[in-house]
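Enquirer: Sequence:
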Amino acid sequence: MLDDSKPLFVAVAEQIEDGILDGTYAEDDPVPSTNELAAFLRINPATAGKGFGLLVDAGVLIKRRGIGMFVAPGAREALRQRRKLAFQDQFIAPLLREAAQLGISPEDLADMITKEAVR
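Per the UniProt record's numbering, the sequence shown runs over residues 1 to 119.
For the record, the hints were derived by calculation from the structure and aren't laboratory data. Even glycine gets a Cβ: it sits at the ideal position worked out from N, Cα and C. Any given hint could be a false lead.
Simulated restraints on C-beta separations [what the hints assert, rightly or not]:
id, residue 1, residue 2, range
1, Glu77, Val118, 44 to 52 Å
2, Gly103, Gly74, 37 to 45 Å
3, Lys6, Pro30, 23 to 31 Å
4, Gly103, Arg82, 30 to 38 Å
5, Asp4, Gly103, 33 to 41 Å
6, Gly103, Gln81, 51 to 59 Å
7, Ile104, Gly53, 17 to 25 Å
8, Arg65, Gln15, 18 to 26 Å
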């Protein structure tokens, strides 16, 4: 359920982000409490809290004192934009560099991607 290759609190934050992106948590919706999520994932509540803290610091979640944490307005689009940039840096740029080294033109690369996408 959580990505073991990352610190646990980062994986917790990404799981909540995934829920926002896929519509599980809409803007202004509450997210599970730190204790609920910790119990569900069988992790320390402090670890879950650290993951939530990342999201609050990033403006993805907002705290409502005495009520809980809620998805911030605009969070879904902000996450989408941030992840698009990360995708470009982590996947597209290296792909283009490798294609250039292999003599694959951008047009041929686009054709390869299109063929792969329709499989």
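Enquirer: All the hints need checking, so say for each whether the structure fits it.
Expert: Tested hints:
1. Glu77 x Val118: 44 to 52 Å: For Glu77 and Val118 the Cβ distance comes to about 28 Å; the hint is violated.
2. Gly103 x Gly74: 37 to 45 Å: holds, 43 Å
3. Lys6 x Pro30: 23 to 31 Å: holds, 25 Å
4. Gly103 x Arg82: 30 to 38 Å: At 33 Å between Cβs, range holds.
5. Asp4 x Gly103: 33 to 41 Å: With a Cβ separation near 38 Å, Asp4 and Gly103 satisfy 33 to 41 Å, so the hint holds.
6. Gly103 x Gln81: 51 to 59 Å: violated, 33 Å
7. Ile104 x Gly53: 17 to 25 Å: violated, 43 Å
8. Arg65 x Gln15: 18 to 26 Å: holds, 24 Å
Checked against the numbered hints listed earlier, the structure breaks hints 1, 6, 7; every other hint is satisfied.
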